[in-house]
Amino acid sequence: MTGLQQFDLVIIGAGPAGMAAAREAGEAGLNTLILDEQPRAGGQIYRNIGRPILQDRSILGQDYYAGETLLAGLSHVLVTHVANATVWDVTTDNTLSFSVKGISRQVGFKKLLLATGAQERPVPFPGWTLPGVMTCGAAQILLKSSGLTPTGPLVIAGSGPLLLLIACQLIRAGVRIEAIVDTTPTSNYRRALKEIFGAIKGWRYLLKGARMLNEIRRSGVRYYKSATELTAESGSDGNLVSVSFRKGSVHHQLPCKTLLVHQGVIPNTQLGRALELEHQWDEVQQCWKPTLSENGCSSHPDIFIAGDSGGIGGAIVAEIQGRIVAKEIAYQLNQEGAAVIGIDQLRKTLDDQLAIRPFLDHLYRPLDMFLRPQGEIIVCRCEEVTAAEIRGLTQHGCVGPNQTKAFCRSGMGPCQGRQCGATVTALLADELGKSPEEVGYYHIRFPIKPVSLGELAGLSQSDA
Amino acid sequence: MAADFSFNRLPCHERAEVEITVEGQKIFALEGETVAAAVMHAGLRPTRTTPVSGSGRAPYCMMGVCFDCLMNIDGKPNTQACMTEVREGMVITVQTGAREVSGGDV
Chain A
3 MTGLQQFDLV
13 IIGAGPAGMA
23 AAREAGEAGL
33 NTLILDEQPR
43 AGGQIYRNIG
53 RPILQDRSIL
63 GQDYYAGETL
73 LAGLSHVLVT
83 HVANATVWDV
93 TTDNTLSFSV
103 KGISRQVGFK
113 KLLLATGAQE
123 RPVPFPGWTL
133 PGVMTCGAAQ
143 ILLKSSGLTP
153 TGPLVIAGSG
163 PLLLLIACQL
173 IRAGVRIEAI
183 VDTTPTSNYR
193 RALKEIFGAI
203 KGWRYLLKGA
213 RMLNEIRRSG
223 VRYYKSATEL
233 TAESGSDGNL
243 VSVSFRKGSV
253 HHQLPCKTLL
263 VHQGVIPNTQ
273 LGRALELEHQ
283 WDEVQQCWKP
293 TLSENGCSSH
303 PDIFIAGDSG
313 GIGGAIVAEI
323 QGRIVAKEIA
333 YQLNQEGAAV
343 IGIDQLRKTL
353 DDQLAIRPFL
363 DHLYRPLDMF
373 LRPQGEIIVC
383 RCEEVTAAEI
393 RGLTQHGCVG
403 PNQTKAFCRS
413 GMGPCQGRQC
423 GATVTALLAD
433 ELGKSPEEVG
443 YYHIRFPIKP
453 VSLGELAGLS
463 QSDA
Chain B
5 MAADFSFNRL
15 PCHERAEVEI
25 TVEGQKIFAL
35 EGETVAAAVM
45 HAGLRPTRTT
55 PVSGSGRAPY
65 CMMGVCFDCL
75 MNIDGKPNTQ
85 ACMTEVREGM
95 VITVQTGARE
105 VSGGDV
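If you're matching them up, the sequences are chains A and B in order.
The first sequence runs 3 to 466 under this note's numbering.
The second sequence runs 5 to 110 under this note's numbering.
Treat the hints with care, as some may be off.
Said to hold, decoys possible - Cross-link-like lysine-lysine pairs, in silico, BS3-like; alpha carbons within 27 Å at most:
1. A:LYS407 with A:LYS196
2. A:LYS451 with B:LYS80
3. A:LYS103 with B:LYS30
4. A:LYS227 with A:LYS210
5. A:LYS112 with A:LYS291
6. B:LYS80 with A:LYS436
7. A:LYS350 with A:LYS210
8. A:LYS350 with A:LYS203
9. A:LYS291 with A:LYS103
Stated by the list, open to error - Residues of chain A clear of chain B, computed beta-carbon distances all greater than 10 Å:
10. GLN46
11. GLN121
12. GLU122
13. ILE143
14. LEU150
15. ARG220
16. TYR225
17. MET371
18. GLY399
19. GLY415
20. LYS436
Rather than coming from a laboratory, the hints here were simulated on the basis of the structure.
Quick reminder that beta carbons are idealized off the backbone N, C-alpha and C, glycines included.
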């Protein structure tokens, strides 16, 4: 392995955190490689930003086009950006394997930065696997990269800022939305109000939220607040035909060909899990996140994490964290004080940007039906394992997520637990009367993305 | 493929068109878009059936996380349609049930 190309820093993920870190690292003189799974940099928030597709810029709004300035960081002479790169293995002796269009390569690194972003929180409810049900994030990706809008009748259901944002973007695009079904529980408003001090400090975010709600109101789209018992129903062809829910004592059923769902986002921890980094359960955000030092260092001294993959903060927070972490890494590698200049100012800006979080986290905590589903609701989409099955396993001595794999194959399908992991932990915790922290999470193993044997064989030949 | 499942295209900046074959039917996609987007524009639903119960699925997350968009692309089963860009002459079919063992690269 001595002939491997070596980098001071390898960054995984070219979203706001990764792009900001790459620029900072390049300017600090670090030989930097940034790998990204998508054909173009931007992450999900700035997806396709280097080549915007929509003629009408008002649809996605200026927050999206703000990402254009971050791209410049990738053109620094010391920064190498490789697109279409899927990282599937990282070893603790600082070697990384990635695949580009069916051909794998290995590189060595001194420091590694995981900036793998967030994924939407899996939201198990009756019918969530039906063709026609997709996430709000998926609809946004289709809009940003293909200029496509969903087929109607269209209903948007769930809770969180992204739900409001995609609704506004589709309204601006002239798309008819039959209804918005807001599942934010009434009790959340009271809990969130206790965090109003932070919310006022983050008034810019509050203003954005108020503007979006106003835009939706003016559009005349039907808006059902505090809805429960969300269900998607199929027709004889197996595709989505209607959505039903309850508001107060009234049961509603609406014809529907596309249902966009959302219950917030959670850190994408797959890579950190496979690296066996330390993680902790965040009770407020109801998700796992890696344990990090103030400067973004994980439980492994050479592995850092920035952006949403370290805990949800959004695009601007991700960008600032990316810069802080890159400064810290440059300082550690160069041992030059100059690299940490400006870090205090960045931390202050970061605190200001994070002030709104407790308010948002309490406000948009999902309904229990999504976090701890019951009965015949599918939890593991790949292996089609239901909530009742997972819950029932505890009667047979199952004490943790890794045993559920052997009992019922949950987490063993192609997504490797990305869609069921959080729910399986929550269900076992529920049944066993333990905390999610005590129950733990799936043991994630490399390769974290499917890679063919032929490709592996090719890798060993090129090493020889 | 059914017109009533077809996702609508908004006015876009000019892109080259790419001809692909989806379920035996020739359609045009935009250069740079993913197979998942192209088949949704064409109105294909479902895009696979599951190996366990045979129920239909369609792209769900569009960002490579859920693996529900697995399709047979150029003879290679189990390919993530949302992570694959369209290419001229590509042949795409619905993945039915379990992937075939002899279907492609092991």
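Outcome of the hint check:
1. A:LYS407 with A:LYS196: violated (41 Å)
2. A:LYS451 with B:LYS80: holds (16 Å)
3. A:LYS103 with B:LYS30: holds (25 Å)
4. A:LYS227 with A:LYS210: holds (19 Å)
5. A:LYS112 with A:LYS291: holds (24 Å)
6. B:LYS80 with A:LYS436: Given pair B:LYS80, A:LYS436 is violated - Cα atoms ~44 Å apart, limit 27 Å.
7. A:LYS350 with A:LYS210: Holds, at about 22 Å.
8. A:LYS350 with A:LYS203: holds (13 Å)
9. A:LYS291 with A:LYS103: violated (30 Å)
10. GLN46: Violated: least Cβ distance 6 Å, not greater than 10 Å.
11. GLN121: violated (5 Å)
12. GLU122: Incorrect as stated: the minimum Cβ-Cβ distance to chain B is 7 Å, not above 10 Å.
13. ILE143: violated (4 Å)
14. LEU150: Since the minimum Cβ distance to chain B is about 4 Å, A:LEU150 lies within 10 Å and the statement is violated.
15. ARG220: Answer for A:ARG220: holds, closest chain B Cβ roughly 21 Å.
16. TYR225: holds (23 Å)
17. MET371: The assertion about A:MET371 holds, with a minimum of 19 Å to chain B.
18. GLY399: Given a closest Cβ separation of 24 Å, the condition holds.
19. GLY415: Contrary to the label, A:GLY415 does not stay out of reach of chain B, its closest Cβ about 7 Å off (not over 10 Å).
20. LYS436: About 27 Å separates A:LYS436 from the closest Cβ of chain B, which puts it past 10 Å; holds.
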